[in-house]
Every structure is written in C-alpha cells, then in structure tokens.
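These protein sequence lines map, in sequence, to chains A and B.
The first sequence runs contiguously to residue 113 in the working numbering.
The second sequence runs contiguously to residue 1114 in the working numbering.
Keep in mind that the hints are not guaranteed to be accurate.
[Claimed, not checked] Quick list of in silico lysine-lysine cross-link-like pairs, DSS-like style, CA-CA up to 27 Å:
id	chain 1	residue 1	chain 2	residue 2
1	A	LYS68	B	LYS1101
2	B	LYS1101	A	LYS78
3	B	LYS1068	B	LYS1101
4	A	LYS24	A	LYS68
5	A	LYS24	A	LYS78
6	A	LYS68	A	LYS78
7	B	LYS1101	A	LYS24
8	B	LYS1101	B	LYS1061
In short, the hints are calculated from the structure, not lab data.
This one's a predicted model, so the numbers in the text were calculated from it and none came from an experiment.
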Amino acid sequence: DAGVIQSPRHEVTEMGQEVTLRCKPISGHNSLFWYRQTMMRGLELLIYFNNNVPIDDSGMPEDRFSAKMPNASFSTLKIQPSEPRDSAVYFCASSQTSPGELFFGEGSRLTVL
Amino acid sequence: AQSVTQPDIHITVSEGASLELRCNYSYGATPYLFWYVQSPGQGLQLLLKYFSGDTLVQGIKGFEAEFKRSQSSFNLRKPSVHWSDAAEYFCAVGLIQGAQKLVFGQGTRLTINP
Chain A
1 DAGVIQSPRH EVTEMGQEVT LRCKPISGHN SLFWYRQTMM RGLELLIYFN NNVPIDDSGM
61 PEDRFSAKMP NASFSTLKIQ PSEPRDSAVY FCASSQTSPG ELFFGEGSRL TVL
Chain B
1001 AQSVTQPDIH ITVSEGASLE LRCNYSYGAT PYLFWYVQSP GQGLQLLLKY FSGDTLVQGI
1061 KGFEAEFKRS QSSFNLRKPS VHWSDAAEYF CAVGLIQGAQ KLVFGQGTRL TINP
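From just these sequences and the hints, can you work out the full model?
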C-alpha cells in the first residue's frame, strides 16, 4: 500500500515567492498533520485536520502560512510570501483513530534564498 | 504546557552493545508516550507506544521502553544494536484529551561504530 505522498521532495525558491507543498494521506486515514523540522526548533506541529476540518492551527507561525484540505485525499500548505527563515523540512503525516500513531511522508525540503 | 526532554543530543555505541536512550516528560498527568525513529532523508516511523497497563512495552526492530511514573521517564532500550539502527530517535508526548496532537523531543542521534 502507498504511504503518505508528499511533493515536491525538494524546492528551492527566492524570497518573496509563493510556495505550495502538497500531501496525499493514506487512504482511509481521517487525520492529517503538517509538521516543520529545523535544526534549531526541532519538530513543530503547524496544523492538523480531522475529517478535512482544521482542528488546531496554533502552530502556524504567521499569516504567510495557510493550509487547506479540500477533500480526504489531498492537502496543501502554502507560504506566501516566502522568507529565508522558512527554510526547513516540512512533513505531512496521517493517522486513523489510534492516538499518536502517525504515518509520515518523506518530507519536502524547502530552501528559500 | 507539556514538554519532552531528551538529554542526549548524540550517542555513539559499538555494534552489538546495549543501548538506552533517555526521555523525560513534564505533564500533570500520565500522557500517552511514543518513540519514533527517523532514518536520514526519511520521515518518522513509530517504534512503540505506551497508553496504560504494563509499563514495559515492546516495539518493532527489537526495541523496548519502560515507563517510570516516579521519574517521569520513558527510556528506550535495545539489548544489542545493529549498524542499521543508526538514525535519529524522537520521544513524543500526547495529551490524553488530544492525543493526536504530539509534542516531540529534540531527538537523539545514534551513531553505530563497527
């Protein structure tokens, strides 16, 4: 079975550009999470959805970040405009009902110049 | 707010040696506890979890962890490490009420000497 699929795997962009990261969760999973990983701050939860509804977006750093989940099989994380401090690896994860058992994608490495 | 501390940033052990990775948490009640492993360039994979009951839990790849309430600890162990265990290991905590929202420790990078 396919796992969580993220795209792109690598993205290099210039400051001020819009960045869109995409995620396809595992079929049948009803929760989806966006995490950001940096050396300085470790793994941070940005936002998570249950049944396509955003439940907690308290980790979204600022208004430049937005996330959507239009259906059960697709989510996007958008940064507009991007800044160098947004450089990180962004992970998408999905889960079913078992608490804490998250299935992670391979991540999208973002570099903002 | 709950927090997770992994005191060791980097540990090096020889292949075949035993391993213990430390994890301490701060929370007013017993949270849900997890260990995840991340290989280079990969996402995280769940090794094991503790919700309640037996305080010694078994996971995949020969790992186990013991919950000690008195010490607020959930240390990960393996009796004999293999070169393929080299990775980064993350302890995580979930609130009972919102257990799907996890707080991760900073991670411990494990290096294996041949």
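Is LYS24/A close enough to LYS68/A, meaning Cα to Cα at most 27 Å? This hinted pair holds, its Cα atoms lying about 12 Å apart.
Taking 27 Å as the top limit, are the C-alpha atoms of LYS1101/B and LYS24/A close enough? Status holds; Cα separation ~19 Å.
Decide if the proposed pair is consistent with the structure: LYS24/A and LYS78/A, CA atoms, cutoff 27 Å inclusive. holds, 15 Å
Straight-line Cα separation of LYS68/A and LYS78/A no greater than 27 Å? The hint holds at about 9 Å.
Going straight from one Cα to the other, do LYS1101/B and LYS1061/B come out at no more than 27 Å? Holds, because 25 Å separates the two Cα atoms, which is no more than 27 Å.
Does LYS1101/B pair with LYS78/A here, judged by a C-alpha cut-off of 27 Å? holds, 21 Å
Is LYS68/A close enough to LYS1101/B, meaning Cα to Cα at most 27 Å? holds, 18 Å
Verify the proposed pairing of LYS1068/B with LYS1101/B, using a straight-line Cα cut of 27 Å. This hinted pair holds, its Cα atoms lying about 22 Å apart.
Checked against the numbered hints above, the structure violates none of them.
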